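2 protein chains.
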Amino acid sequence: MLRAAAALLLNEGIKAVTFDRVAKAAGSSKMTLYKWWPSAGALAAEAFFAHSEHQLEFPDTGDIRADLTSQLRAFVRLITHADTGTAIAGLIGVAQTDPELSAAFSQHYSAPRRALALTVFERARDRGQLRGDIDLGILVDQLWGACYNRLLIPDAPLNEDYAIALVNNVLDGASTT
Amino acid sequence: MLRAAAALLLNEGIKAVTFDRVAKAAGSSKMTLYKWWPSAGALAAEAFFAHSEHQLEFPDTGDIRADLTSQLRAFVRLITHADTGTAIAGLIGVAQTDPELSAAFSQHYSAPRRALALTVFERARDRGQLRGDIDLGILVDQLWGACYNRLLIPDAPLNEDYAIALVNNVLDGASTT
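Here the protein sequences line up with chains A and B, keeping their order. First residue of the first sequence: 3, per our numbering; consecutive thereafter. First residue of the second sequence: 3, per our numbering; consecutive thereafter.
One chain only, chain A, in its complex shape (with noise of 0.2 Å):
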């Protein structure tokens, strides 16, 4: 059920995800699904995720400006694959108004990819690499999120030479002084 799901997803979008169309093409019954899943959007991202979890692998070399900028630009392939950047799209969209999907999302997958980069800032600032007086939590903001930000809302360009300006970005700061 999860393979025909994140089949559907990824050859024609978060719409074709339905209870119906999963049943069919699982050979299930769409009773089974409603069992296990509280909508078609929250079984579209587990079924995304549950194939993803390699992605969530993060160099910590020990240089954090590299561990970042070699993380940042394997998530902006990913994000910006015409399969799996428009799946994406897909799911943080439609979670707006499913809160199923919402849940289904943060639980397996944006929560804990919160949790490790902050692992490995935490370990960053523990060398010496980080200040230890900012919130290591708005980094990810400031990295991941400035990426969804020209996925989700596409008015400037988005590959891998921005993630590498970014990183530095975020590292060096924007003030003079």
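It is worth saying that the hints were derived from the structure and are not from the lab. Computed from a prediction, not measured in an experiment: that's the story for all the values here. Heads up, some of the hints might be wrong.
Unchecked claim - The calculated lysine to aspartate or glutamate pairs, modelled on DMTMM-like cross-linking and capped at a C-alpha distance of 20 Å, are:
# : chain 1 : residue 1 : chain 2 : residue 2
1 : B       : Lys17     : A       : Glu102
2 : A       : Lys17     : B       : Glu124
3 : B       : Lys26     : B       : Glu14
4 : A       : Lys37     : A       : Asp22
5 : B       : Lys37     : B       : Asp22
6 : A       : Lys26     : A       : Glu14
We have chain A; now place chain B onto it with these hints.
Only chain B this time, still in chain A's reference frame:
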């Protein structure tokens, strides 16, 4: 028609903005709506921003840190307000599967807002307050995009304290070196 669409969006959410319901509420014909707007989503976006032009105001006192803090605090108030926050999240959400809404959102709101921020950044750079060697466009994503991230993927709190800390993070940088 714009007033009727805005009222439906604010009172009942983005899904209530259909040509049927707007025509009924405005006492106009659906044919007229089809003639002027390519989708109900595009009408919803134009309707919403027709009444929030003042939100585009951006103080320019000569102190970029104070001006950004003031602007970001007002922005966070707007997007965390029960009515307007849900409306903006709904517009961005549906924009992911409605290209006409996406285009209208950009035209009536996000593109002019980005241009205005860039103008303010360029003036601050010319005054020597922002570094001359960075891509100022990325700052837009680090600031407003970071706030949108907490609105759209609500894994962490969004409030005025967040706006204040965010501006300092962006200006001062996270790195110790």
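Each hint, compared with the structure:
1. Restraint check for Lys17(B) and Glu102(A): the C-alpha separation of about 17 Å stays at or below 20 Å, so the hint holds.
2. Under the criterion of a C-alpha separation no larger than 20 Å, the hint pairing Lys17(A) with Glu124(B) is inconsistent with the structure, at around 42 Å.
3. Proposed proximity of Lys26(B) and Glu14(B) is supported: the alpha carbons are some 15 Å apart, at most 20 Å.
4. With a C-alpha separation of about 14 Å, the suggested pairing of Lys37(A) with Asp22(A) holds against the 20 Å cut-off.
5. Taking the CA atoms of Lys37(B) and Asp22(B), the gap is near 14 Å; set against the 20 Å cutoff, the hint holds.
6. Between Lys26(A) and Glu14(A) the alpha-carbon distance is near 15 Å, which keeps this suggested pair within the 20 Å criterion.
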